[in-house]
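When you get a sec, could you build the whole thing from the sequences and use the hints?
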Amino acid sequence: MNGPFDFTLALGDDALIAAQRLAEWTTRAPEMEEDIALANIALDQLGAARLLLSYAGELESAGRDEDALAYLRDDREFRNALLVELPNDDFAVTMAKLFFLAAYQLPLYSALAGCADERLAAIGAKARKESAYHLDHGALWVKRLGDGTEESHRRMQAAVDQVWPYTHELFAADPAAPVDPATVRTAFDEVVGPVLAEATLTQPDSAWAPAGGRAGVHTEHLAFLLAEMQVLHRAHPGAKW
Amino acid sequence: MSARSAAQRSPAVANEDGLVTDARTAAASVVDPEIRVITIDELGILRAVEEDPASGRVTVTITPTYTGCPAMDVIRADIRSALTAAGHPDADVQTVYSPPWSTDWISEGGRVKLAAAGIAPPAPVPAAGVVSLTLAVRCPQCGSPETEQVSRFGSTACKALWRCRSCSEPFDHLKAL
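Chains A and B, in that order, are what the protein sequence lines are.
Under the working numbering, the first residue of the first sequence carries the number 1, and numbering increases by one thereafter.
Under the working numbering, the first residue of the second sequence carries the number 242, and numbering increases by one thereafter.
It should be emphasised that the hints constitute simulated quantities derived from the structure, not laboratory data.
Don't take every hint at face value.
Stated by the list, open to error - Far from chain B, by Cβ distances over 10 Å, these chain A residues were calculated:
(1) Glu60
(2) Asp90
(3) Lys126
(4) His137
(5) Leu225
Unchecked claim - Derived list of chain B stretches under chain A, where covered just means 3 residues or more per stretch with a C-beta under 8 Å from a C-beta of chain A:
(6) 294 to 302
(7) 388 to 400
For each residue, glycine too, the CB sits at the ideal point set by N, CA and C.
Pasting the structure below:
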């Protein structure tokens, strides 16, 4: 990444793809309250994505609005981190993804709230309040499953092990960005460590750090997600409800 | 007509047809489409109503509760129709995000109306910006503080689902933000 456009696009894509994945749980969550919770969090992510992508379009000055950026780009043009495009898998994997994403977005949005760019500062100040609830919700489930039954513990640990390598990409240094993501790594670690400990889970020490999302090199999962998300807009350009 | 700002609240002025002609009063009377007991003014999302002194064109500025609030389109349409009825058919509705909405902006009158409708109003937002979830919420039905959270996320983005241990009734709680 470099420059405000790439940075804003990357954050917007993180939020958009996370929203789409979370929305896949609608009518499928393990209980009704959780179904509503995941839909609410998806809606928050979508709200942040709309603000960020609209602003990215303005920064680019090429006439692309939020819809053009969301619906008319192919996978190689998306700049989201790989973490958010990973399949939902079981509920534990979804909670591991949600928890790690919120533990990254909260300090990032908070730092953004104090940055020099007024538009990004406004978006950060707004979105961080919602992120605090996402983090709380994710942490609650990580603890409940990790410190639950033998089976829930086994699956929560497996989920953390599976998702953890993808967290490193979130903090790739980018000194030219309005907020260098590398600077929020400490805040992430300070939140994640104690929650995993309380959940009786082991924090992985794997050095494997898959990356590429910020450069448009994605897993095979993203193209399938985009096909579903974009089909209506591409089949009926300009369609409105 | 003279220019008005949000700070200048004036009483409604009705003409001979009984129409409310004051733009701010008209905008402020729009009810929230998802919580229909409270107006957008009482909810604290109506930021400003300004009238251009030369053209008389009205600009209404609002802010969303949550970034993804799906009620915003309906609120914009309701404001336009309220202003059209008040004699301002060309009103413009702008959306701002800064400073971000806080539940602290819900008026006292709004809180009373929420409670009367069975929705527990939010506690003050902690100064540090950290969302505290340990505060007791009083049951809006029986007034008991013996309540528990069922789910942090409720029927709309701004509400959580709670239950009263005293009267066993479930209720909505507008969560502090």
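Hint-by-hint comparison with the structure:
1. The Cβ of Glu60 (chain A) sits about 20 Å from the closest Cβ of chain B, beyond the 10 Å cut-off, so the non-interface label holds.
2. Separation of Asp90 (chain A) from chain B is adequate, the least Cβ-Cβ distance of about 20 Å exceeding the 10 Å criterion.
3. A beta-carbon of chain B is positioned within 10 Å of the beta-carbon of Lys126 (chain A); the least distance is around 4 Å.
4. With a closest Cβ-Cβ approach of about 6 Å to chain B, His137 (chain A) is found to fall inside the 10 Å limit, against its non-interface label.
5. Every beta carbon of chain B lies more than 10 Å from that of Leu225 (chain A), the smallest distance being close to 19 Å; the non-interface claim holds.
6. Proximity of the stretch 294 to 302 of chain B to chain A, defined as three or more residues with a beta carbon under 8 Å from a beta carbon of that chain, is not established by the 0 residues found.
7. A stretch counts as covered by a chain when three or more of its residues have a beta carbon under 8 Å from one of that chain; for the stretch 388 to 400 of chain B and chain A the count is 7, and the coverage holds.
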